[in-house]
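Engineer: Sequence:
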Amino acid sequence: MVFGMTIEDRNDLRKHAALPLLDLSAEAARLKKVKRDAAFEQYYRDSRHRFASLWGDQGRGWLTNAGIWAAARRQLRAEFEAHSPE
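The sequence shown begins at -5 in my numbering and counts up by one.
In case anyone wonders, no lab produced these hints; they're calculated from the structure.
Do not take every clue at face value.
Here are the simulated lysine-lysine pairs, DSBU-like style, with alpha carbons at most 35 Å apart [stated by the list, open to error]:
| hint | residue 1 | residue 2 |
| --- | --- | --- |
| 1 | Lys26 | Lys9 |
| 2 | Lys29 | Lys9 |
| 3 | Lys9 | Lys27 |
Taking CB as the label site, the calculated pair distances span [what the hints assert, rightly or not]:
| hint | residue 1 | residue 2 | range |
| --- | --- | --- | --- |
| 4 | Tyr37 | Arg8 | 32 to 38 Å |
| 5 | Asp40 | Gly(-2) | 42 to 48 Å |
| 6 | Asp3 | Arg54 | 18 to 24 Å |
Ideal placement from N, C-alpha and C gives every residue a C-beta, glycine not left out.
Could you put together the complete structure from these sequences and hints?
Structural biologist: Encoded structure:
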């Protein structure tokens, strides 16, 4: 993705390159999701220390540890969604 360009600017480049144009509303929605996902990943990086004691091997199998990691990530996603504006 070319940073700093509007969707219209990108469509102009695509038109000159004989590529299909981007749908404005679909691309705006995609970019909004990308930004929201990036904001969650930052929140996750800043908050995962709260679960660090659960992630050591501690004699559990990798599948159990993966389940603990997924549950922690789900909890942080729910917190993020509840406390962040759309």
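Engineer: Does each hint hold? Answer for all of them.
Structural biologist: Each hint, compared with the structure:
no. : hint                          : verdict
1   : Lys26 <-> Lys9                : holds, 23 Å
2   : Lys29 <-> Lys9                : holds, 26 Å
3   : Lys9 <-> Lys27                : holds, 25 Å
4   : Tyr37 <-> Arg8: 32 to 38 Å    : holds, 33 Å
5   : Asp40 <-> Gly(-2): 42 to 48 Å : violated, 26 Å
6   : Asp3 <-> Arg54: 18 to 24 Å    : violated, 51 Å
Checked against the numbered hints given earlier, this structure breaks hints 5 and 6; the rest are met.
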